[in-house]
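> Model the placement of chain S on the given structure of chain A, informed by the hints.
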Amino acid sequence: MDSRIIKILVDSFGSLLLAGFKMTIPLTVISFSIGLVIALFTALVQTAKVPVLRKLARFYVWIIRGTPMIVQLFVVYFGLPNIGILLSAFASAVLVFSVSVGAYCSETVRAAIESVPVGQMEAGYCVGMNYWQIMYRIVIPQALRTAFPPLSNSLIGLVKDTSLAYSISIVEIMATAQRIATRTYDYFLLYIEAAFVYLIFCTVLQWLQRYLEGKLAQKR
Amino acid sequence: MLEIKNIHKSFGTLDVLKGVDLTVNKGDVIAILGPSGSGKTTLLRCINFLEKADSGTMIFDEDVFDLHNATRKEIASVRRRTGFVFQNYNLFANKTALENVTEGLIIARKMKKAEAEEIGRKCLDKVGLSDRYDYYPSQLSGGQQQRVAIARAIAANPEVIMFDEPTSALDPELIGEVLGVMRELAEEGMTMLVVTHEINFARNVSNYVIFMENGVIVEKNDSRSFFENPREERIKTFIQNINKER
Numbered sequence: 001m002d003s004r005i006i007k008i009l010v011d012s013f014g015s016l017l018l019a020g021f022k023m024t025i026p027l028t029v030i031s032f033s034i035g036l037v038i039a040l041f042t043a044l045v046q047t048a049k050v051p052v053l054r055k056l057a058r059f060y061v062w063i064i065r066g067t068p069m070i071v072q073l074f075v076v077y078f079g080l081p082n083i084g085i086l087l088s089a090f091a092s093a094v095l096v097f098s099v100s101v102g103a104y105c106s107e108t109v110r111a112a113i114e115s116v117p118v119g120q121m122e123a124g125y126c127v128g129m130n131y132w133q134i135m136y137r138i139v140i141p142q143a144l145r146t147a148f149p150p151l152s153n154s155l156i157g158l159v160k161d162t163s164l165a166y167s168i169s170i171v172e173i174m175a176t177a178q179r180i181a182t183r184t185y186d187y188f189l190l191y192i193e194a195a196f197v198y199l200i201f202c203t204v205l206q207w208l209q210r211y212l213e214g215k216l217a218q219k220r
Numbered sequence: 001m002l003e004i005k006n007i008h009k010s011f012g013t014l015d016v017l018k019g020v021d022l023t024v025n026k027g028d029v030i031a032i033l034g035p036s037g038s039g040k041t042t043l044l045r046c047i048n049f050l051e052k053a054d055s056g057t058m059i060f061d062e063d064v065f066d067l068h069n070a071t072r073k074e075i076a077s078v079r080r081r082t083g084f085v086f087q088n089y090n091l092f093a094n095k096t097a098l099e100n101v102t103e104g105l106i107i108a109r110k111m112k113k114a115e116a117e118e119i120g121r122k123c124l125d126k127v128g129l130s131d132r133y134d135y136y137p138s139q140l141s142g143g144q145q146q147r148v149a150i151a152r153a154i155a156a157n158p159e160v161i162m163f164d165e166p167t168s169a170l171d172p173e174l175i176g177e178v179l180g181v182m183r184e185l186a187e188e189g190m191t192m193l194v195v196t197h198e199i200n201f202a203r204n205v206s207n208y209v210i211f212m213e214n215g216v217i218v219e220k221n222d223s224r225s226f227f228e229n230p231r232e233e234r235i236k237t238f239i240q241n242i243n244k245e246r
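The listed protein sequences correspond, in order, to chains A and S. Using our numbering, the final residue of the first sequence is 220, and nothing's skipped along the way. Using our numbering, the final residue of the second sequence is 246, and nothing's skipped along the way.
Same shape as in the complex, but just chain S:
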């Protein structure tokens, strides 16, 4: 469904992505692990053009995109088909929870307000916020805000949702509610790309794990093999370190 070929990106003299390839099939839940600075977030951001890659190609369904030279129209078409969930939620601060979900539908997709609100309410119900429609982001906890952000991402019925460290900014006791919603989405067959440090999510929910380091993919494997029989020495230490932390 989504294929990325040989993507490169540098910020000044710092090479962040050094030729990454990635294939995503419909229904895949791919956890992207790796130390900070390995290029995980940049990879996600290049896919929906929040960052402009230096080079690389993306094949999305039948369409081919030059990741460096996409037209405005092409960028819009990719963004219409993807959802994005940020580490810091990035909810529209001047809009209520419901308006956050409906804004893109009404303004970008020209949907009728009543129709958009119906979808909006459904999406908020789905993430367990049926009693928070009219709350402003500042009146919600981090976990609630992130769930609104997920509702906003699924509202437009995207083919794939990208999660950029969705639980990293949350207090530990709020992480579970967000992961719960993500697990539900995964079980419904949503295609998901998840940059995360949540090992349990990678182990139990995702079906593939990608390990990135220094701008390249070190290993891609199905989740079970990744954790049980890691091929690379580097990954063994990574897993050991994480197990030590807990």
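Isolated chain A, as found in the complex:
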């Protein structure tokens, strides 16, 4: 390897990693947190059979799961200004990602809630608790334990999906790689490097998942 390539690699690696910490990670953490709240709410109105809201929840999941995320990003960032709604690129990305996470994860959470045996609910009723008390204290904690691995999956998926934000001018790992590559013409090198940086972040998350799963297993 000649020294020029090594220099580019070394110089760009820092930039890519920094872009990861400054944009990819915040974008992921914020969107996923909001998304989880949406998911839990969406799952609950369906399992609790709340009228109207339940139908709205189904509609929401249907729309989001049925359309590509990049289209959603374009609609929000480039489309909404036409009807007078201007959102920054970051806000647009957070909106689209959290709404998307909400839709996908709501199905995960809903399935996990339904997997908790009905006897848990009945036992709760028999000691005098009401529906929401049982949900909050007994069913949801058990459901989240079941949902933990698939939710981790969604989180790792989101880390990679944030690269789509590049298309609405957000400078994250992918955009940073692209910028350096157009300057040096080392596309192959930079894109491989970008892939490697994503791999690092996702690997850390997978370790974390395994560690936390072990912790959760002890508590049973």
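Don't take every hint at face value.
Said to hold, decoys possible - Restricting the straight-line Cα-Cα distance to at most 20 Å, the calculated cross-link-like pairs of lysine to any residue (SDA-like) are:
#1 S/Lys95 with A/Phe13
#2 S/Lys73 with A/Gln133
#3 S/Lys95 with A/Ile64
#4 A/Lys215 with S/Lys113
#5 S/Lys95 with A/Trp132
#6 S/Lys113 with A/Glu114
#7 S/Lys52 with S/Asp21
#8 S/Lys5 with S/Lys95
#9 S/Lys18 with S/Arg45
#10 S/Lys236 with S/Arg203
#11 S/Lys112 with S/Arg80
#12 S/Lys220 with S/Met1
#13 S/Lys126 with S/Lys110
#14 S/Lys95 with A/Pro117
#15 S/Lys95 with A/Glu122
#16 S/Lys95 with A/Ile8
Stated by the list, open to error - Ranges of calculated distance between the beta carbons of each label pair, as one might list FRET restraints:
#17 A/Glu107 with S/Asp131: 37 to 45 Å
#18 S/Glu115 with A/Gln218: 23 to 31 Å
#19 S/Lys5 with A/Pro51: 32 to 40 Å
#20 S/His68 with A/Leu56: 27 to 35 Å
#21 S/Glu115 with A/Ile25: 41 to 49 Å
#22 A/Glu107 with S/Gln240: 52 to 60 Å
#23 S/Gly12 with A/Leu212: 43 to 51 Å
#24 A/Ile63 with S/Ser168: 55 to 63 Å
Because the hints were derived from the structure by calculation, they are not lab data. Note that the coordinates shown come from a computational prediction; the quantities given were computed from them, not determined experimentally. All C-beta atoms, glycine included, are put in the ideal place defined by N, C-alpha and C.
Structure of chain S alone, referenced to chain A:
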């Protein structure tokens, strides 16, 4: 104390209860026997509204309840005064033994935590689990789990406890410890409704036996007469079959 009149319940086209009447006096221990599918479990579940009966009335102390159209408040009031023990224990899987007992006291009855834990420990001691307070259900044997479930049922000081086949899911060697606890409760004067296949419990512990078949009560009698002088031919065969099995 508890009177049920003309209760009906069907699941789709299947009539499970076809007009059952039942009177329970304070201190009664009533064993409910009968072949599977006879409606025994459904009867218990209708009493505390785990199933909604199609029709029927219940008089509990002075209160009258429509078993089909009870308000949420009425249902809560019945559940506060009854305990229920399930065939599959149904302990809260994410709570320790002690938490299983205190959960209803703290959350539903708004009792102070310290007070609830004191009661909880007492109840667990009573069922012989003073060394298992902090165990999760998955760390307990079936017999231990069922005893926690009994502790949970007695913690709120109910007027009557319903047992739905409490030993049917247990390994044979674990049945005795659960029946022992139930016998103790009976001797202390607890009012109990017990759906069971344990003939010895029905014969020796309960003071009344009800035999159900096809959604109706075929016979109700005191335990001694039930086994020694059954009125119905059907019950003679039932008892003979059970004696043959052992």
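> Looking at the structure, which of the earlier hints fail to hold?
1, 3, 4, 6, 8, 13, 16 and 24
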